[in-house]
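Trainee: One-letter residues, chain by chain:
2 protein chains.
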Amino acid sequence: MVSTWEEFFAKHPPPQDLTQTESLLKSFSDRHLKENNKVVLITSGGTMIPLEHNTVRFVDNFSAGSRGSASAEYFLENGYAVIFMYRLKSLEPFTRHFIGHKILDMLNITENADKCIVTVAPEHTDKVAMVLRKYKETLQQNKLIQISFNTLTEYLWLLRTACQALACLKDKALLYLAAAVSDFYVPFDEMSVHKISSNGPPTISLQLVPKMLEPLVNLWVPQAFVISFKLETDQNVLVSKARTALNKYKHNLVIANMLQTRKQQVIIVSKENDYILSLTNEQMEKGEEIEKFIVTDIILKHKNFSKIR
Amino acid sequence: MVSTWEEFFAKHPPPQDLTQTESLLKSFSDRHLKENNKVVLITSGGTMIPLEHNTVRFVDNFSAGSRGSASAEYFLENGYAVIFMYRLKSLEPFTRHFIGHKILDMLNITENADKCIVTVAPEHTDKVAMVLRKYKETLQQNKLIQISFNTLTEYLWLLRTACQALACLKDKALLYLAAAVSDFYVPFDEMSVHKISSNGPPTISLQLVPKMLEPLVNLWVPQAFVISFKLETDQNVLVSKARTALNKYKHNLVIANMLQTRKQQVIIVSKENDYILSLTNEQMEKGEEIEKFIVTDIILKHKNFSKIR
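Protein sequences, first through last, are from chains V and E.
Take the first sequence: its letter number 188 is residue 188 in UniProt numbering, and every next letter is one higher.
Take the second sequence: its letter number 282 is residue 282 in UniProt numbering, and every next letter is one higher.
Treat the hints as calculated values from the structure; they're not laboratory data.
Please note: incorrect hints may appear among the correct ones.
Same chains, same label: a pair holds when it works inside one copy or across any pair of copies.
What the hints assert, rightly or not - Capping the alpha-carbon separation at 20 Å, the derived lysine to aspartate or glutamate pairs in DMTMM-like fashion look like this:
1) Lys211 to Glu111
2) Lys307 to Asp105
3) Lys143 to Glu22
4) Lys241 to Glu111
5) Lys143 to Asp105
Bear in mind the structure is a predicted one, so any value in this text is a computation, not a measurement.
Given only the sequences and the hints, what does the whole structure look like? Please build it.
Mentor: Structure below.
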């Protein structure tokens, strides 16, 4: 039996610092409303489904956060203020360019007499400086806040809170729901308290997560432009599933993508039509990102949407 | 029914680049055998259990890789060569000090006429330079190789391959099995090909993973000093479970820790006795790491082990 979204929130306690996050989100929205800025809420990364209250094991969704973190940078470049709601340890805007060993391999130590200086090696300076300038500018303009989650429950509480904070922006709010949210969960009261013993192989019974797009579109942020994502591994069901979601929830756009080709191609599905956005192999090799084209396309749609209303 | 370790390897194909990794590991072991160095294999991070062949969903184990990555640095400081086998995107030695925004916040841009220089801010130079020096020295001395895995299957194939490569080092080899390896898995031939549909809530049936410590200790690397880890959330079963493992597999040491206090306290369990290693709150505040004390303790035990044999 699927519980309703009201039952889900009644049964699963909110994250401890939700009140703090709520005021942060409200003051961010208020400021950008006054400054007449558009604001996008980007969700990014996968959600964790704990199998135990003292969590050792969990079910997770594949998502590095590439789509969300890259898109955040392009929205910022286009003047949007960004609320970046991301899974802890998934990719983040700006720092995503320096993961792994890359940054240590770029640094040189120079020691003069009693002074030690650490610099970025000349061959990397241009790239690092470019990202760093954008990062510092964003901070200075107060255009980005980042809010992290781990579990599905945290994600859903934060999503609702962020939507409610954004409602005052009306059609200036854009929702870009790129996080890979689990369809399933283990209810709070059915979870094991301690680490599941390995004496016998367990069977995990999952329940369906209530669809939050419905209250989101109808109640929480009813005037916003809302985009959801659909990831599949089977090409044959991709567009039909995207269209089914669109018909059901009546939001504005679904961006459909295949796991295998998601960095090169997406399908933009609206009520009116669907079309492919893709990068050529040449563009891929030059390091261009499909998120740049997705964001450009969406910003145009968001503009038209605001005109019509 | 639990399958044997032979059945597991027969049923689950090896990672594609295993042959390459194998020669890398062999030449690393051979070189350090000639140079009379001790070599530690550190496993670190959690293992992923895919629920689909085209993996969107997976069961995972909680592990950031803090224990393994910190320990690697202390083994290197003590002259060991290190094979660091880690879950992709978990913490790595040296870079672990610069995760998140930290590194971007440490950098300054200076622009003089036509030249742009990016430097680490003076207040951070000492710390960055200290880590950077150790990192560069390690690279130069060829004392560290890093091998990454994602799934349980990849982990087990790599573990066996690394052990077989290390066998030539006899009692100079140390195994420090800190990875959080899943006890359960979904067999290759029972996995769904595509993303599990969310039409109905699924039930995931997990099987027990065969215990690899047995062939590891008896066949793959029989003369090495072998340390396993035991993580629990229930204090009452911790030491007894550690001791049960020790009696069953006849390896050298279990390091037992509680999820909640693992950064401050561990229990060293050997055939002879068990005792606590812990940090005072003062040490915690100063940023000292318990891994420093664990590694010092183990190196002494490893030395005595080599003497006796």
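Trainee: With 20 Å as the alpha-carbon cut-off, assign the pair Lys143 and Asp105 to within, between, both or neither.
Mentor: between (31 Å within a copy, 16 Å between copies)
Trainee: Pop the pair Lys211 and Glu111 into one bin, within, between, both or neither, using alpha-carbon distances up to 20 Å.
Mentor: This pair counts as neither: shortest intra-copy Cα distance 59 Å, inter-copy 51 Å.
Trainee: My question is about Lys307 and Asp105: at a cut-off of 20 Å on alpha-carbon distance, are they close within one copy, between copies, both, or neither?
Mentor: Classified as neither: same-chain Cα gap 49 Å, cross-chain 40 Å, threshold 20 Å.
Trainee: How would you classify Lys143 and Glu22 at a CA-CA limit of 20 Å: within, between, both, or neither?
Mentor: Only inside one copy: Lys143 and Glu22 sit 17 Å apart there, 49 Å across copies, limit 20 Å.
Trainee: For Lys241 vs Glu111, is the C-alpha pair at or below 20 Å within one copy, between two copies, both, or neither?
Mentor: Answer is neither: 60 Å inside a copy and 52 Å across each miss the 20 Å cutoff.
Hint check: violations occur at hints 1, 2, 4; the rest are consistent with the structure.
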